[in-house]
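Listed below are the residues making up each chain.
There are 2 protein chains.
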Amino acid sequence: MKLTFDLDAADGAARTGRVATPRGVLPTPLFMPVGTKAAVKHLDATDLHALGIPLVLGNTYHLMLKPGADLVADLGGLHAFMAWDGHVLTDSGGYQVFSLNPKVTDEGARFRSTYDGSTHHLTPEGAADIQSKLGADIQMVLDVCPPLPSRRRDVQAAVDRTEAWARRGRAAFLAGAGWREDRGLDQAQFGIAQGGVDLDLRAEGARRTVEVGFDGYAIGGLSVGETRAEMLPALAAAIEHLPADQPRYLMGVGDPASIVEAVGLGVDLFDCVLPSRHARHGTVLTGAGRLMIKNLAYERDEGPLDPDCTCPVCARWSRAYLRHLFRVGEPTGARLLTIHNVVWLSNLVVGLRTAIAAGRFETARRAVLDVWG
Amino acid sequence: MKLTFDLDAADGAARTGRVATPRGVLPTPLFMPVGTKAAVKHLDATDLHALGIPLVLGNTYHLMLKPGADLVADLGGLHAFMAWDGHVLTDSGGYQVFSLNPKVTDEGARFRSTYDGSTHHLTPEGAADIQSKLGADIQMVLDVCPPLPSRRRDVQAAVDRTEAWARRGRAAFLAGAGWREDRGLDQAQFGIAQGGVDLDLRAEGARRTVEVGFDGYAIGGLSVGETRAEMLPALAAAIEHLPADQPRYLMGVGDPASIVEAVGLGVDLFDCVLPSRHARHGTVLTGAGRLMIKNLAYERDEGPLDPDCTCPVCARWSRAYLRHLFRVGEPTGARLLTIHNVVWLSNLVVGLRTAIAAGRFETARRAVLDVWG
Numbered sequence: 001m002k003l004t005f006d007l008d009a010a011d012g013a014a015r016t017g018r019v020a021t022p023r024g025v026l027p028t029p030l031f032m033p034v035g036t037k038a039a040v041k042h043l044d045a046t047d048l049h050a051l052g053i054p055l056v057l058g059n060t061y062h063l064m065l066k067p068g069a070d071l072v073a074d075l076g077g078l079h080a081f082m083a084w085d086g087h088v089l090t091d092s093g094g095y096q097v098f099s100l101n102p103k104v105t106d107e108g109a110r111f112r113s114t115y116d117g118s119t120h121h122l123t124p125e126g127a128a129d130i131q132s133k134l135g136a137d138i139q140m141v142l143d144v145c146p147p148l149p150s151r152r153r154d155v156q157a158a159v160d161r162t163e164a165w166a167r168r169g170r171a172a173f174l175a176g177a178g179w180r181e182d183r184g185l186d187q188a189q190f191g192i193a194q195g196g197v198d199l200d201l202r203a204e205g206a207r208r209t210v211e212v213g214f215d216g217y218a219i220g221g222l223s224v225g226e227t228r229a230e231m232l233p234a235l236a237a238a239i240e241h242l243p244a245d246q247p248r249y250l251m252g253v254g255d256p257a258s259i260v261e262a263v264g265l266g267v268d269l270f271d272c273v274l275p276s277r278h279a280r281h282g283t284v285l286t287g288a289g290r291l292m293i294k295n296l297a298y299e300r301d302e303g304p305l306d307p308d309c310t311c312p313v314c315a316r317w318s319r320a321y322l323r324h325l326f327r328v329g330e331p332t333g334a335r336l337l338t339i340h341n342v343v344w345l346s347n348l349v350v351g352l353r354t355a356i357a358a359g360r361f362e363t364a365r366r367a368v369l370d371v372w373g
Numbered sequence: 001m002k003l004t005f006d007l008d009a010a011d012g013a014a015r016t017g018r019v020a021t022p023r024g025v026l027p028t029p030l031f032m033p034v035g036t037k038a039a040v041k042h043l044d045a046t047d048l049h050a051l052g053i054p055l056v057l058g059n060t061y062h063l064m065l066k067p068g069a070d071l072v073a074d075l076g077g078l079h080a081f082m083a084w085d086g087h088v089l090t091d092s093g094g095y096q097v098f099s100l101n102p103k104v105t106d107e108g109a110r111f112r113s114t115y116d117g118s119t120h121h122l123t124p125e126g127a128a129d130i131q132s133k134l135g136a137d138i139q140m141v142l143d144v145c146p147p148l149p150s151r152r153r154d155v156q157a158a159v160d161r162t163e164a165w166a167r168r169g170r171a172a173f174l175a176g177a178g179w180r181e182d183r184g185l186d187q188a189q190f191g192i193a194q195g196g197v198d199l200d201l202r203a204e205g206a207r208r209t210v211e212v213g214f215d216g217y218a219i220g221g222l223s224v225g226e227t228r229a230e231m232l233p234a235l236a237a238a239i240e241h242l243p244a245d246q247p248r249y250l251m252g253v254g255d256p257a258s259i260v261e262a263v264g265l266g267v268d269l270f271d272c273v274l275p276s277r278h279a280r281h282g283t284v285l286t287g288a289g290r291l292m293i294k295n296l297a298y299e300r301d302e303g304p305l306d307p308d309c310t311c312p313v314c315a316r317w318s319r320a321y322l323r324h325l326f327r328v329g330e331p332t333g334a335r336l337l338t339i340h341n342v343v344w345l346s347n348l349v350v351g352l353r354t355a356i357a358a359g360r361f362e363t364a365r366r367a368v369l370d371v372w373g
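Chains as they are written, first to last, in the working numbering: chain A, 1 to 373; chain B, 1 to 373.
Just so you know, nobody snuck in bad clues.
Below, in silico cross-link-like pairs of lysine-lysine (BS3-like), each with a Cα-Cα straight-line distance of 27 Å or less:
1. B:66 / A:294
2. A:66 / A:103
3. A:66 / B:294
4. B:103 / B:66
Simulated from the structure, these hints should not be mistaken for laboratory data. Just so we're clear, the structure is a prediction, and the values are computed from it rather than from any experiment.
Produce the entire structure from the sequences given, and follow the hints as far as they go.
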């Protein structure tokens, strides 16, 4: 795999650059929307392309259960299945599995499907094989994600097991190279650093993951209930031990304040369900903060959701119309708010890219924190 | 109002032509999708334009309650509200109101809102005023829609009251001309012929509606539970008394067999929720008949929904992917099937247009009935 990261500009620790894969180039920092079950809710591949989204995340946990990794592989992988020629990243399945209170041993995690109650066993080797079958451009190694707060010994145990699983997952990934090559698949694999909010455990988690050696590195197990004041030092402690010439990915973080602070620490990639989930509940992301579209204040508001937004929804529809769609439960409303929120959050990160290149990151950071901090 | 109908070709009683309004030209026969609450479910105005849909129906009953006709008027009417520059037709509200078991007097129909239980009174004058405020290109006069089967005396009473209401509705519409002109609105109004499935009452209903004088004529109160063998003679009896130089609109009929038979009798316009409702339940309209997308048979089917369909869904996605989206409840699935069904049914009617112009209507009719009859 030839995944590379090239730096274009830095402003303090914040950086902008390009992740290049055999499929194409991803400018960073970059926010990727979440297509849990092979679709960003209410959107399709034509939409994603039209909206300029270059990368989406698919959830291994959901896809391995329905429609199943073998079926996706037989149909040519996620790109062919979704009819999507942009980039796809699949998570390891670990985050969802650990939320199901699984039985965890050194071998792996045993859990029950939320679809039909059937029992499944996810191992580091299995996670790599399943993701090879799903065929994403970037796969994630299986990690152990402890809830926060956890006792230090539990976080330490998670760091230990995460490294052991990282070694097995990496070996399985490398062993699958021939299988992938036969199918014309060229995948990268990212490692995941754990460590809770203990700075030394975060540093240790990052060091030990880097020792295994991956094509890029994620910081996992953050934004799981801790405050931003707890999260950011832990993130900084991890990043200090990640290689500067490889991409850094903060998993599951999508609120504007956390994104801008993480970019300030040198993070390149983000994913989160936040823009989609907010949209389905009628919450709109704007330059002035959150806007609840159902509020009476917007009953006769002929203006766009955000006057500074470049999305096709803000170009065409009024707050009054979108409020009406939500009040009467029309699914078109959730779709249009999803389009706006995804584009708005993507554009926020694109704006940070521009600010970094121009040496104005701190000004841009302040502007975001003034509204969202 | 300068709504005109120009005949291009006839083949037996089937005809193809153009309805021209100040907004533009509608080629007929034409199927219009239903945007009950100012949106075709899962679609927006950009979609409708991209799919080549020239006319959508809005429901007066729903829109008068939410968001309310005054609000729509204040925001510039349905076209501005929906950001839609195609044609809009609004029904009279009568069909929904009569399904709510209203208290009907000579004056009008008193009913309770399904939204909040509040009481409302819909009169012929009110229906015209409300629809002027909604601002559609074509509004429908308030009629009395009896259930089928009904006693002959009840159908006769509905025909009598429908004429009385038609006279009042027409007068109210004409009296509103100044109000509309002040707002740059140029609307047409269609009358509705009732008469159940009694041939003589249908003929009488049509004659009496035509005597009142409208810009076009609808046949209402059909496809409400009677068989097609009962419906078609009643439809023919009505059409015999409708003017040949004005458009004819069969309300609420959308199944392919009924459409093709009605076109054969000289109907120009159709509306129905069928393609949207089927789509939401995973039922696909195809040249080979109905296809239930959730069926196991499509689990690994890499083909399009309908190999002969020109819609953007058939161009891009497989049955296997669409089946997956439905099985896991992704709203993208309902959206994509809606796009397919609406385009497929529209294209079916466009195909009849071509067949009539070429003198091949009977062959086209047979082909549809072989599958859908």
